[in-house]
Amino acid sequence: MWLFCDGNQARLSGCSLSDYPQNCNVFYMSDTRMLDQGTTPIRFARGWHCLGLASTYSDGKPHSIEGFGTKLVIWQDSKGELNVLDGFCRHMGGDLTQGEVKGDNIACPFHDWRWGGDGKCKEIPYARRVPLRARTQRYETAIVNGQLLIWNDPEGSAADHSILPPELPEVMTDKYTDWSWHTKQINGSHCRELIDNVADMAHFYYVHFAFPTSFRNIFEGHTATQFMESTGRPDKTEGGYSDANSTLKSEATYYGPSYMINWLTVDYKGFITEVILINCHIPTGPDTFTLQYGIAVQKPEGLDEKTVNYIAERYTESFGDGFLQDVHIWENKVAVQNPLLCEEDGPVYQLRRWYEQFYTDVADIKPEMTDRFEFEVDTTKANEYWHAEVADNLAKRAAEEPVSH
Amino acid sequence: MASFVPKSAETLEEERLYTTARMVEVQCLDCLAKVTAKKNSDHHTSIQWSAEARAACPELCRRTPTGGRDTHQACPRMTASIDAAVRSGEIPVGAEDGY
Ligand code: FES
Ligand SMILES: [Fe+2]
Chain A
1 MWLFCDGNQA
11 RLSGCSLSDY
21 PQNCNVFYMS
31 DTRMLDQGTT
41 PIRFARGWHC
51 LGLASTYSDG
61 KPHSIEGFGT
71 KLVIWQDSKG
81 ELNVLDGFCR
91 HMGGDLTQGE
101 VKGDNIACPF
111 HDWRWGGDGK
121 CKEIPYARRV
131 PLRARTQRYE
141 TAIVNGQLLI
151 WNDPEGSAAD
161 HSILPPELPE
171 VMTDKYTDWS
181 WHTKQINGSH
191 CRELIDNVAD
201 MAHFYYVHFA
211 FPTSFRNIFE
221 GHTATQFMES
231 TGRPDKTEGG
241 YSDANSTLKS
251 EATYYGPSYM
261 INWLTVDYKG
271 FITEVILINC
281 HIPTGPDTFT
291 LQYGIAVQKP
301 EGLDEKTVNY
311 IAERYTESFG
321 DGFLQDVHIW
331 ENKVAVQNPL
341 LCEEDGPVYQ
351 LRRWYEQFYT
361 DVADIKPEMT
371 DRFEFEVDTT
381 KANEYWHAEV
391 ADNLAKRAAE
401 EPVSH
Chain B
1 MASFVPKSAE
11 TLEEERLYTT
21 ARMVEVQCLD
31 CLAKVTAKKN
41 SDHHTSIQWS
51 AEARAACPEL
61 CRRTPTGGRD
71 THQACPRMTA
81 SIDAAVRSGE
91 IPVGAEDGY
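From first to last, the protein sequence lines stand for chains A and B.
Start counting the first sequence at 1; every next residue gets the next number (our numbering).
Start counting the second sequence at 1; every next residue gets the next number (our numbering).
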């Protein structure tokens with residue numbers, strides 16, 4: 001393969017031409033595959049983004065959360081509605097998250113300008129009148145499953161309530177444990193790394209220590225789904241997927257760019273537990289995002305409250321560990337626009353094509369970004385190799401253990 | 001405007017390979033839906049629907065239009081049609097260097 005030197009190769013190979021890259025006409029030949037790291041988008045995804053449990057914001061005080069390259073202010077008004085505005089006052093840039101809720105408005109700590117949930121300045125206590133242009137960035141809100149969601153669109157469209165994630169029946173009743181909710185800041189990677197997991201069969205073995213025995217994807221419209229069945233690796237004990245005594249049936253759907261519902265049925269030695277995992281994130285910058293996840297466990301019948309809570313806590317802990325396993329990978333890898341795939345890999349390119357719709361002006365969305373696509377990964381060979389490897393690991397370990405008499 | 005911009009033209013060619021190469025047209029034996037499909041091995045299947053095909057499939061149309069979990073399942077008739085196309089040799093089974 002002949003490549004044209006773009007100056008980078010020259011630098012790497014110590015090119016002797018002094019006037020590269022402008023006048024460099026050197027072609028070089030290479031079989032080495034280059035990582036195309038691409039350029040990350042300057043815009044943030046269009047769609048619903050979850051800011052966490054609504055109850056976190058319901059105390060009448062202003063709250064602060066990083067998002068979409070800025071800081072957002074969230075507060076509850078007297079009608080109980082949650083309001084979300086850009087955190088910086090349009091007067092002189094004061095930090096509204098450090099302000100005060102006065103009546104239904106958020107008051108800036110700098111000069112007391114009062115901003116309403118509709119984004120308009122309602123009052124300037126020291127002024128004759130409010131300038132007509134006193135409007136700030138407002139985010140439309142929705143409450144789903146006890147969580148606060150906001151609509152982001154760089155084009156400024158009205159929120160599309162028809163594509164909100166579905167309400168989960170029975171969750172938030174006494175049939176399920178309360179949401180156990182957690183937040184984790186991720187630095188040094190674009191949130192697309194997190195999305196890539198949807199199509200990544202093999203990482204479940206290497207990163208999450210499970211055998212994915214069945215793996216399927218369906219992308220359609222604003223949803224992307226992963227079906228997986230797995231059992232834990234007996235040679236590992238860390239993380240939510242690695243218990244050799246459990247088999248897992250997992251169905252995980254992204255509703256839009258950032259909100260995933262994962263229905264998990266865990267079979268632990270014949271004891272079945274239904275777990276619902278919410279995995280969502282808010283992009284904060286070009287290569288940072290805040291991961292949030294919440295877990296609710298269906299209360300097994302006939303168990304007392306204490307045991308139920310104990311079980312819920314264990315699941316929360318182990319799936320939380322599962323995320324940390326991913327985070328370590330993301331924070332250390334590079335972005336790749338041209339992943340090189342083998343036959344056992346999932347449909348990464350089709351997944352990214354789906355994900356691209358949220359970074360595209362609505363008018364420019366191509367049919368193939370939203371058309372239904374189905375993919376079944378052949379996991380048979382992979383599992384043969386993996387079982388052999390695990391058997392080998394166990395044999396080595398047994399050989400190392402001191403023989404007891 | 002594309003947002004994740006690849007730096008090299010080769011990346012675009014690979015995108016084309018991974019998403020469309022060797023996809024074979026399959027007509028559903030029970031309805032008017034026509035999809036493209038690929039089999040990299042016996043257990044692997046890749047199915048690309050179009051809006052027209054999706055609208056023509058009575059099985060998928062019967063299911064909840066949005067959000068319902070049942071839309072995440074395959075249409076059994078299309079699955080059977082693809083299996084038939086594999087048996088008749090219309091869809092070759094085998095991968096080409098990972099795509
Ligand atoms: S900067 Fe907010 S009131 Fe002046
Ligand atoms: Fe993962």
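Derived from the structure by calculation, the hints contain no laboratory data.
Careful, some of the hints might be misleading.
[Said to hold, decoys possible] Partial list, derived from the structure: chain B residues whose beta carbon lies under 7 Å from chain A:
#1 16
#2 19
#3 27
#4 36
#5 47
#6 50
#7 54
#8 55
#9 56
#10 58
#11 59
#12 61
#13 79
#14 88
Please read these numbers as outputs of a predicted model, since none were measured by experiment.
Even glycine gets a Cβ: it sits at the ideal position worked out from N, Cα and C.
Structure-based check of all given hints:
Contact between residue 16 (chain B) and chain A, as hinted, is not supported at the beta carbon level, the nearest pair being about 9 Å apart and thus beyond 7 Å. A distance limit of 7 Å between C-beta atoms decides the matter here; for residue 19 (chain B) the minimum to chain A is near 5 Å, and the interface restraint holds. The beta carbon of residue 27 (chain B) is not positioned within 7 Å of any beta carbon in chain A (closest approach about 17 Å), and the interface hint is therefore violated. A hinted interface residue such as residue 36 (chain B) counts as satisfied when its beta carbon comes closer than 7 Å to some beta carbon of chain A; here the least separation is about 10 Å, so the hint is violated.
Contact between residue 47 (chain B) and chain A, as hinted, is supported at the beta carbon level, the nearest pair being about 4 Å apart and thus within 7 Å. With its C-beta approaching chain A no nearer than about 6 Å, residue 50 (chain B) sits inside the 7 Å limit, and its interface hint holds. Satisfaction of the interface hint for residue 54 (chain B) is found here, the shortest Cβ-Cβ separation to chain A being roughly 5 Å, below the 7 Å cut-off. This hint is violated: residue 55 (chain B) has a C-beta 11 Å from the nearest C-beta of chain A, more than the 7 Å allowed.
Hint status for residue 56 (chain B): violated, given a least beta-carbon distance of 12 Å to chain A, over 7 Å. A least Cβ separation of about 15 Å between residue 58 (chain B) and chain A goes past the 7 Å threshold, and the interface hint is therefore violated. For residue 59 (chain B), the interface hint is violated, since its Cβ never comes within 7 Å of a Cβ in chain A; the closest pair sits about 12 Å apart. For residue 61 (chain B), the interface hint is violated, since its Cβ never comes within 7 Å of a Cβ in chain A; the closest pair sits about 12 Å apart.
With 7 Å as the threshold, the beta carbon of residue 79 (chain B) stays out of range of chain A, its nearest partner Cβ sitting at about 9 Å, so the hint is violated. Annotation: interface hint on residue 88 (chain B) violated; nearest CB of chain A at approximately 20 Å, more than 7 Å.
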